[in-house]
Amino acid sequence: MKTKIFPIFLIITFSIIFYVFYKGLQNSNIYTPEIKSEIKIPSFEAKEFFSKDNVNSDQIFIGSEYYLLNIWASWCIPCKEEHKYLMDLSKKENIKIIGQNYKDNFVNAKNFLIKLDNPYDLIFSDNDGTIAIEWGAYGVPESFLIKNNQIIKKIIGPLNEKLFSEIKELTQ
Amino acid sequence: MNILKLLITVIFLINFFSSDLKAKNLGTEITKNLRCLICQGQSVYDSDSEFANSLKILVEKKLDDGLNEKQIYDYLKNKYGDWILYDPGFNKNTYFLWLLPILMFVFGGAIILRKVILKKKKL
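Order-wise, the sequence lines are chains U and C. Okay, so the first sequence: first residue is 1 according to the working numbering, each after it adds one. Okay, so the second sequence: first residue is 1 according to the working numbering, each after it adds one.
Treat the hints with care, as some may be off.
As a list, the in silico DSS-like pairs of lysine-lysine whose alpha-carbon atoms are at most 30 Å apart [unchecked claim]:
id, chain 1, residue 1, chain 2, residue 2
1, C, K79, U, K147
2, C, K32, U, K103
3, U, K52, U, K4
4, C, K62, U, K153
5, U, K40, U, K23
6, C, K92, U, K154
7, C, K120, U, K153
8, C, K77, U, K47
9, U, K80, U, K47
10, C, K61, C, K79
11, C, K70, U, K40
12, U, K40, C, K79
13, C, K92, U, K23
14, C, K79, U, K47
15, C, K62, C, K92
16, U, K84, U, K52
17, C, K115, U, K103
18, U, K147, C, K62
19, U, K52, U, K40
20, U, K80, U, K153
21, U, K40, C, K115
22, U, K52, U, K110
23, C, K70, U, K80
24, C, K62, U, K103
25, C, K77, U, K154
26, U, K40, U, K115
27, C, K77, C, K32
28, C, K70, U, K103
29, U, K103, C, K77
30, U, K154, C, K32
31, U, K147, U, K84
32, U, K40, U, K91
33, C, K79, U, K162
34, U, K4, C, K32
35, U, K40, U, K92
36, U, K23, U, K52
37, U, K47, U, K115
38, C, K79, U, K153
39, C, K115, U, K154
40, U, K162, U, K40
Source of the hints: derived by calculation from the structure; they are not laboratory data.
If we strip away everything but chain C, and leave its shape as in the complex, we get (with noise of 0.2 Å):
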């Protein structure tokens, strides 16, 4: 009886803490990934100021309303716009900033592999 007592006990102890462990880590996963609007160049989770104090309340009211992820950053997009994301989505506006690492990449690319073949060619 008393095994069982104790088992069920640990059993408790280990749903409970791992269940707010994982609310907490969310909270901070979606805090991390939000710019501080007021203190610019930080994020939500690192500041302090009353904006990210009250943000970070925010997202864990939500949090609790059953909002998942992409939901929370979405009604924070739909009020501050995509700049309160550091992750910015693939839209019209983004295009460019998405692909020009590429494009790079391919310009470099091609300038190398030019170079080497002009050598080759001299070879």
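So that you can see chain U by itself, here it is in the shape it has in the complex (with noise of 0.2 Å):
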């Protein structure tokens, strides 16, 4: 009899060891800790990108509009991809496209917003990428939602048809 139950054991120990592993490997394996939503905007100072004049960022975020801030690179590759989600958002009339121009080479840039256009109603620069930390982001491309100085949705990674109409019924 014991010998007969230690083998049944063991096969359902190893299938259930195999099936957690298996289901393991779909998950992606990077780690997003969870995002407290509205939470208030950071409150930084930066430069404009084509003027160069100081901009602080209480200037930017002013009355209850909607904003989406986006963050972006000339040498980020999805950015690209996402440019024609932020160039139909642009043609909304309630929404204010904010982009921040994320460790880039100022030339790079400015070729990357005249070959693909400008959905921007205003750039600033982050040169060193202290105000994408003060955001609480990642690296590029990444986009915040804003309204009355709250964040109402923080997305990782470039804008997708799902988000782009996620945002669209947000806003409306």
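Two independent chains are provided; combine them into the complex using the hints.
Set out below in structure tokens:
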């Protein structure tokens, strides 16, 4: 009796282990911590992209309008993919798109905008990437939907069809 | 007079180097305890990713602003959550994590103790 129970037990144990690991294979191995929604936007000072004038965050995000802060760089390939969605969003009246140029070369960034068109109402530079950390961002591209100085939605990675319609719905 | 000058120079240099060293060490100490969030498995100190490099600059900036170690950890925890720290604080999410080794130790100890007692009884 004892000799029969043992192999069965072994097989069951190994199938459970196999199942758990197999499931785990499909999971993303990049852990992103839960994001507390409705958090206040950080305050910071930056340089405007074209004029190099100092701009303060309170001068950028004013009133109760919707803002989409998009962190981008010319060297970032997914940024090119999401560009068409930003162009579409820029045609909407009730949402302003703010660009944060992340660790970029000015000439390359300018060429990027000339080539693909400029969806941004305002761009500021983040040359050492510290402003991105103020936002709690990981890298490029990343977008934040903002209303009343609160982050309503944080998007890590490029925009896609689904996120695009989600933003449209949220800003109705 | 010359000796006095030399003495002042030496004191100045010692102060200068020791203070600089201290500041550098604290920045290093902090970044060693921060997890690089995009290159997981590495600390910010070890990593050369864009994110880690920015974070190193930021930590130095915050130290210059006069923040202490704990304030910097709190600041980053606020932005990225507990996950950014290699040494997570003791809170309701980490009770299990912190108490598990003690629990295992107690449990293992109990098993060993029981065996020893049983053996003694047999003898």
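Tested hints:
At roughly 19 Å between alpha-carbon atoms, K79(C) and K147(U) fall within 30 Å of each other, so this suggested pair holds. A hinted pair counts as satisfied when its Cα atoms are at most 30 Å apart, and K32(C) with K103(U) qualifies at roughly 23 Å. With a CA separation close to 78 Å, the supplied pair K52(U) and K4(U) exceeds the 30 Å bound. Straight-line distance between C-alpha atoms of K62(C) and K153(U) comes to about 27 Å, which keeps the hinted pair within the 30 Å bound.
With a C-alpha separation of about 37 Å, the suggested pair K40(U) and K23(U) falls outside the 30 Å cut-off, and the hint is violated. The hinted pair formed by K92(C) and K154(U) meets the criterion: a straight-line CA distance of about 26 Å does not exceed 30 Å. Proposed proximity of K120(C) and K153(U) is contradicted: the alpha carbons are some 66 Å apart, above 30 Å. The straight-line distance between the Cα atoms of K77(C) and K47(U) is roughly 27 Å, inside the 30 Å bound, and the hint therefore holds.
Between the alpha carbons of K80(U) and K47(U) the distance comes to roughly 23 Å, so the proposed pair stays at or under 30 Å and holds. Only pairs whose Cα atoms come within 30 Å are accepted, and K61(C) paired with K79(C) is accepted, the gap being roughly 16 Å. Of the supplied pair hints, the one linking K70(C) and K40(U) holds, its CA atoms being roughly 22 Å apart against a limit of 30 Å. Taking the CA atoms of K40(U) and K79(C), the gap is near 11 Å; set against the 30 Å cutoff, the hint holds.
A C-alpha spacing of about 28 Å is found between K92(C) and K23(U), which places the hinted pair at or below 30 Å, so the restraint holds. Taking the CA atoms of K79(C) and K47(U), the gap is near 23 Å; set against the 30 Å cutoff, the hint holds. For the given pair, K62(C) sits about 29 Å from K92(C) by alpha-carbon distance, which is consistent with the 30 Å threshold. Our distance criterion of 30 Å between C-alpha atoms is met by K84(U) and K52(U), whose separation comes to about 26 Å.
Of the supplied pair hints, the one linking K115(C) and K103(U) is violated, its CA atoms being roughly 63 Å apart against a limit of 30 Å. Under the criterion of a C-alpha separation no larger than 30 Å, the hint pairing K147(U) with K62(C) is consistent with the structure, at around 28 Å. Taking the CA atoms of K52(U) and K40(U), the gap is near 26 Å; set against the 30 Å cutoff, the hint holds. At roughly 21 Å between alpha-carbon atoms, K80(U) and K153(U) fall within 30 Å of each other, so this suggested pair holds.
Between the alpha carbons of K40(U) and K115(C) the distance comes to roughly 58 Å, so the proposed pair goes past 30 Å and is violated. Distance check on the hinted pair: K52(U) and K110(U) sit about 13 Å apart at the alpha-carbon level, within 30 Å; holds. Taking the CA atoms of K70(C) and K80(U), the gap is about 39 Å. The hint is violated against a cut of 30 Å. With a C-alpha separation of about 20 Å, the suggested pairing of K62(C) with K103(U) holds against the 30 Å cut-off.
A C-alpha spacing of about 17 Å is found between K77(C) and K154(U), which places the hinted pair at or below 30 Å, so the restraint holds. Between K40(U) and K115(U) the CA atoms are separated by roughly 34 Å; this puts the pair beyond 30 Å, and the hint is violated. At most 30 Å may separate the alpha-carbon atoms for a hinted pair to count; K77(C) and K32(C) meet this at roughly 15 Å. For a cut-off of 30 Å, the pair hint linking K70(C) to K103(U) stands: about 28 Å separates their Cα positions.
Annotation: proposed proximity of K103(U) to K77(C) holds, straight-line Cα distance about 24 Å (limit 30 Å). For the hint linking K154(U) to K32(C), the alpha-carbon distance of about 28 Å falls within 30 Å, and the restraint holds. Proposed proximity of K147(U) and K84(U) is supported: the alpha carbons are some 23 Å apart, at most 30 Å. Straight-line distance between C-alpha atoms of K40(U) and K91(U) comes to about 26 Å, which keeps the hinted pair within the 30 Å bound.
A C-alpha spacing of about 26 Å is found between K79(C) and K162(U), which places the hinted pair at or below 30 Å, so the restraint holds. Pair hint K4(U) plus K32(C) does not hold up; C-alpha atoms about 52 Å apart against a cutoff of 30 Å. Between the alpha carbons of K40(U) and K92(U) the distance comes to roughly 24 Å, so the proposed pair stays at or under 30 Å and holds. About 50 Å separates the Cα atoms of K23(U) and K52(U), which puts this hinted pair outside 30 Å; it is violated.
With a C-alpha separation of about 23 Å, the suggested pairing of K47(U) with K115(U) holds against the 30 Å cut-off. Note on K79(C) and K153(U): the hinted pairing holds, with a Cα-Cα distance of about 15 Å set against a maximum of 30 Å. A hinted pair counts as satisfied when its Cα atoms are at most 30 Å apart, and K115(C) with K154(U) does not qualify at roughly 56 Å. For the hint pairing K162(U) with K40(U), the CA-to-CA distance comes to about 25 Å; that is within 30 Å, so the pair holds.
Hints 3, 5, 7, 17, 21, 23, 26, 34, 36, 39 from the earlier list are contradicted by this structure; the remaining hints agree with it.
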